[in-house]
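Visitor: Listed below are the residues making up each chain.
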Amino acid sequence: MSTVHTVLSAPTAGAVPPVPHTAGGALVIDGLNAWYGRAHVVQDVGFAVAPGEAVALLGRNGAGKTSTLRAIMGLMPRMSGTISYAGCPLHRAPAHARFHRGLAYVPEDRRIVPGLTVRENIRLGLIASRERRDEDTVIADIARTFPRLRERLDQMGTSMSGGEQQMLSIARAVAAGPSLVLLDEPSEGVSPLLVDEMYELFAGMKAAGTTLLLVEQEVERALEIADRVCVLDQGRLVHVTSVDDFRTDAAAQARWCAL
Amino acid sequence: MSVAQTVPAPTGLLARRFGPVGSLALALVFLAVLPLVLPYTSLAGTVLVMGLFAAGYNLVFGYAGILSLGHAAMFGGGAYTTGLLMLKLGLSWPLAVVAGAVAGALVGIVFAALALRTRGIYFAMVTLALGQCGYQLAITFADVTGGDNGLRGFVAAPIEIGGLVLDPAQPMVRYYLMFGFAAVALAGLARVLVSPFGMVLRAMRENLPRARACGLDVRGAKALALALSGLVCGLAGSLYAIHLSTVPVDTLGYHLSGQAVMMTLLGGMGTFFGPLLGAALFVGAEHLVSDVTEYWQTVVGILFIGFVLFCPKGVWGTFEGARQP
Amino acid sequence: MDITLDLVLQQAVTGLALGAVYVLVAVGLSLIFGLLTVVNFAHGAFFMVGAYAGIATHEYTGSFLAAGVAAVVVSALIGAFSERVLVRPLYGRGIDYPLLLTFGISYVLVDAARILFGRQGLSIDLPEALQGGIDLGFGYFPLYRMLLVAGTLVLLALLWLGIERTRWGLIIRAGARDPLILRVLGVDVSRVWLAIFAFGAGLAGLAGILAAPLRGATPEMGDGVLVSAFVVTVVGGMGSLAGAVVAGFGLGVAVSLTTLFAPAFSDLAMFVFMAIVLLVRPNGLFGRAGLLS
Amino acid sequence: MITETRSGPDRRRLLAGGTALLASAFAGRLSAQGAEPIKVGYIVPLTGAYGADATIQVKGAEVAIARFNEEGGLAGRMAQLLVRDDKLNPGEASTRAQELIERENVALIAGCFGAPMLAVNAVTRQRGVLYNPVGASDAIVSASDWSATTFHEGPTPFMLAGALARYVVPTLGGSKRVALLVSDYVYGHEMVRGFVPVATSLGAEIVGEVRHPLGATDYSSYFPRLLAMKPDLLVVMSFGRDQQITFKQATEFGVKRQMRIAAPQLVHTARIIDGHSHYEGIVGGTGYYWGIENEIPSAKAFNDRFRRMHGGQNPSDYAAVGFASVMAPLIAMRNAGTTETKAVVAALKALRYDLYKGPQHYRACDQQAVQSILIITSKPPKEASVKDDIFKVLAVEQGSEDRLASCAALGHKT
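Residue numbers (UniProt numbering), protein chains in the order written: chain A, 1 to 259; chain B, 1 to 325; chain C, 1 to 293; chain D, 1 to 414.
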């Protein structure tokens, strides 16, 4: 059974133990600052995510959640501070090198490449992978895990519904078997039915040992899967707590996460 | 538009340090002393003409933030109009110069009507094509224009102002007559830049989508910028005709359009004094370097690459930027 | 003089040969714009570099194959150097600066050719085997030009296959639409850009040496070609390969037919044609959706 | 910054730095002391497509300066050559001409060809400076551009094309069908005006005239049409690159198998670059070929002097005319005993000279140099005596005023 399948599927009887292709480790962020032009969108943020843990990054619109994820992936035009993953400093590495350290990023706007079929979009997820695995096998695995994509493999990626595109974006991001997945608002604009499916997938990934850092607008959804919660407000990290504490803390929810 | 994104931290429409009056005064003093410091007057004349051309081009490139590669059509249009009016109708040269400026503005309006449908690099290419059309027309209708030999045979006769006879055949006299026209044009340009229209240009340059969202008539503003730019560039071309006593067909060629970009960039786009300084540097460097070596193009090319890479705000832009509080 | 069908056909075939050179230059230009959003004003200089490198190699080796290889390699290397050292620092600063920079590069390259090979230009003759012509039924046509058209078509077919079917092709197609997602998926985009710039320059160099037997080589030979290639890319739609191919051959034929009916206007025709296309379709025939659209 | 050039661009004195800049600003005024040299401004396109011709032309001018000075100058006053590069850009040429007049106070401007020639003429005319350009042009001697101080040393397109027609049309067979491929600019049109009347008067039928834009790089699209006209002779009325590429592609299209090719003006440098094969069988005109030295003593004298000064190289057409454009006015100055323009003009008008190819003089109405035209064809390398023996002289048409465009046709009052 391929690595990808292991990462994606819930552990079932007889499943191979989860072995992400890069050894997982803790993600440690310290003193992170990031700017868009003159706008200082992330201010002195620091937190850590343990291996295999799922952390939800919460906060209002514009709180700096997306920018934090982008900074971790190396996509901000200007940033300072340190980011390390599994003991390796990442903050100086370009985005593509972070991918090779086992990071995967599912962007908010999905970024399905127009003009490419679903299959080609998934192939894109494998294209830079240093482990040369048989593409067809991987795509077959993915098709099994994402039944919605199976019958659409040769359709244009952008012709699918928003939810299906989100599935494709996730499938593409995890095709190479990452050990840490950064998810930016996966449920946004997706029908509730598909969101259910998606969160089952996340649960499976987590169970398979993949570390998750999840930005989510729908707090309830995020709490279903997260172990811990980090709350951002106006670019600053204002609150770190366990899921159970946060769930019962109506005041905190109202203060930082209410729309 | 791209230029807007590429200019880091624009430094006001007129030099903040010098203010509108100061900038204008600086430009005029610069041009006034030019023939006294340069090795010969005709070089100063070329710098003046090219400086005015770059200043007119800067209105579009530096202030409105659109890249045109066809401004030679306005320059050449002005030059040919002046030459033809003098040659065919015997018009006195000051009137012909004014008419040339108007012709430049008309070319600008044609550009606006035909090219503003397109944007970005497409706009640049359409203007390049329109410019080439002008060049080809001049070649094709050689009977009127003199073709590749250029338009010639017109002479700028002496004029009398209050008993004082000024003969353009005298290099210094001609220079300061040209200076008079340039001074009026630069003063007009400075006035435009501090007007509400100037503010619209600034808004467009700094944030085009926002300017559009604010209900500014972006296309109208661009069209007006092109027309005014054409007026100044047409005047520059007209003065060039007087300066050379002939109109070479190269005044319509795309190399000249490219030269406008280079001069503006070299001096500092979006600054008032920059294009004048850029023209002086460009024309001066070309003359000096080509006196020293036949391979002046290499030197000019490397200089140019260096500016793009390390000094994108141009000489004056950098100077001004450095002096900002 | 009567204008017969034979004459029109001959003229059209001639136009295809003319278009072949346009296409080779324009495809590289389009690739570079499509992926890097760099308007490469040095492309004409790469064309010239190819011609000179090829002719110089031919003088030493006497081999046309070696000349072709040298043309591609030298222009690709110069292209790669230009991208890596000069163009790269300008990414993210809009299209104007790279445009101006490449303009400067072409200045230097043209002058370098003058210094190394003199101003008067060089000449190269076709090998015996490629001289002569063939009868197409409606007229005589030079063999070399037929081969030029055929070779260009083969090259385009290979390029198409490469882009549609290979891993590199997938990277190119995705890179033209969304370089960010490529980076996120582990692709070092800067290496892709380097490769594309070198490849485009190499294609221009190839076109240069292929055109050299027809028109000789001069330091300024790239000027006219560059302008034509720009017209082709703009008419086709910047960044669209299909557009470059269609517009390249189309403009070749259009210019050729204009020479038949109104010879003095053949230069003007190209620009008028371009202006009209852009007025009707401001983004060119094949829009700016992206590569191969 | 000035570049005082006595012996061409390769020995330019290089002034650098701010001091030099300052010094140069006053150089013009200071040099008025002592035996003031006779300054000759020489404006040529050293950079640009005709750089090779311009460079060898400067060598020709250097021969003139050297000869004049060896012969004692003008009562001890030596001549000095000031070379300026116009980059084939008329604006640059005009500025340079003004510089030479204002700052150097030159006695003569010579050399110019191409579009800058007329731009400089506009300046010298306005300023009353002696001017003797070499470029092939009829416009320069036409009434509209005429200037009392302008002489024209080079042959005109009218003369070249007429001489070609007189030679080549009688050699055609019975039908004498002639097609023209014309570069669509002033020079091309002037060629047509010189060629067609002569050719038709000799029984030729002009079966078609195809015009192409100046600077076209592909002539293939013209050949089907030209071939369809079925002419016996194709006359290529273009210059420089245009002509070279036309010849190349004509060979490629097998044009020569169906018709003969001629061109009013063949240039040495182009033939050297492109080699014999593309020029094979093509007949053309030129103002000079060094190979006439066995018949003409002045040619021998000029060639020897040129070879001596320039490492054994033979002079080209441009070298020769570049030489004469400086030599003739210098001789006129010596004859006049002054460099004062009016006197020199009178001396030039009266001058009968034989400097490099037989007797010449300037026609009164337009001050065009009346001179012989050579009809040449390419010489195969195996017949060549030395490496730069590239042409065979087929005929020499002696200079005569009636071979020039008539004064009336040029708009001069007669």
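Since the hints were derived computationally from the structure, they do not count as laboratory data.
A few of these clues could be false.
What the hints assert, rightly or not - Away from chain A, derived, C-beta distances all over 10 Å, residues of chain C: (1) Ala56; (2) Phe117; (3) Pro127; (4) Met146; (5) Ala157; (6) Gly162; (7) Ile181; (8) Leu185; (9) Leu257.
What the hints assert, rightly or not - What follows is a set of in silico ranges between Cβ atoms, one per label pair, in the way DEER data are often shown: (10) C:Ala157 to A:Asp109: 48 to 56 Å; (11) C:Asp6 to B:Ala113: 50 to 58 Å; (12) D:Val386 to C:Leu65: 50 to 58 Å; (13) A:Glu200 to B:Arg117: 50 to 58 Å; (14) B:Leu137 to C:Thr4: 25 to 33 Å; (15) C:Leu153 to D:Gly254: 22 to 30 Å; (16) D:Thr377 to C:Gly118: 52 to 60 Å; (17) C:Arg88 to D:Lys382: 49 to 57 Å; (18) D:Gly174 to B:Ala157: 33 to 41 Å; (19) C:Arg191 to B:Gly306: 46 to 54 Å; (20) D:Ala408 to B:Ala187: 19 to 27 Å; (21) B:Leu137 to D:Ser277: 48 to 56 Å; (22) D:Thr377 to C:Leu155: 34 to 42 Å.
Glycine included, each C-beta is placed from N, C-alpha and C at the ideal position.
Visitor: Confirm or reject each hint.
Guide: Tested hints:
no.: 1; hint: Ala56; verdict: holds (39 Å)
no.: 2; hint: Phe117; verdict: holds (41 Å)
no.: 3; hint: Pro127; verdict: holds (42 Å)
no.: 4; hint: Met146; verdict: holds (34 Å)
no.: 5; hint: Ala157; verdict: holds (20 Å)
no.: 6; hint: Gly162; verdict: holds (15 Å)
no.: 7; hint: Ile181; verdict: violated (5 Å)
no.: 8; hint: Leu185; verdict: violated (6 Å)
no.: 9; hint: Leu257; verdict: holds (34 Å)
no.: 10; hint: C:Ala157 to A:Asp109: 48 to 56 Å; verdict: violated (36 Å)
no.: 11; hint: C:Asp6 to B:Ala113: 50 to 58 Å; verdict: violated (43 Å)
no.: 12; hint: D:Val386 to C:Leu65: 50 to 58 Å; verdict: violated (35 Å)
no.: 13; hint: A:Glu200 to B:Arg117: 50 to 58 Å; verdict: holds (51 Å)
no.: 14; hint: B:Leu137 to C:Thr4: 25 to 33 Å; verdict: holds (31 Å)
no.: 15; hint: C:Leu153 to D:Gly254: 22 to 30 Å; verdict: holds (24 Å)
no.: 16; hint: D:Thr377 to C:Gly118: 52 to 60 Å; verdict: violated (26 Å)
no.: 17; hint: C:Arg88 to D:Lys382: 49 to 57 Å; verdict: holds (54 Å)
no.: 18; hint: D:Gly174 to B:Ala157: 33 to 41 Å; verdict: violated (59 Å)
no.: 19; hint: C:Arg191 to B:Gly306: 46 to 54 Å; verdict: violated (26 Å)
no.: 20; hint: D:Ala408 to B:Ala187: 19 to 27 Å; verdict: violated (52 Å)
no.: 21; hint: B:Leu137 to D:Ser277: 48 to 56 Å; verdict: violated (39 Å)
no.: 22; hint: D:Thr377 to C:Leu155: 34 to 42 Å; verdict: holds (41 Å)
Of the numbered hints listed earlier, those contradicted by the structure are 7, 8, 10, 11, 12, 16, 18, 19, 20, 21.
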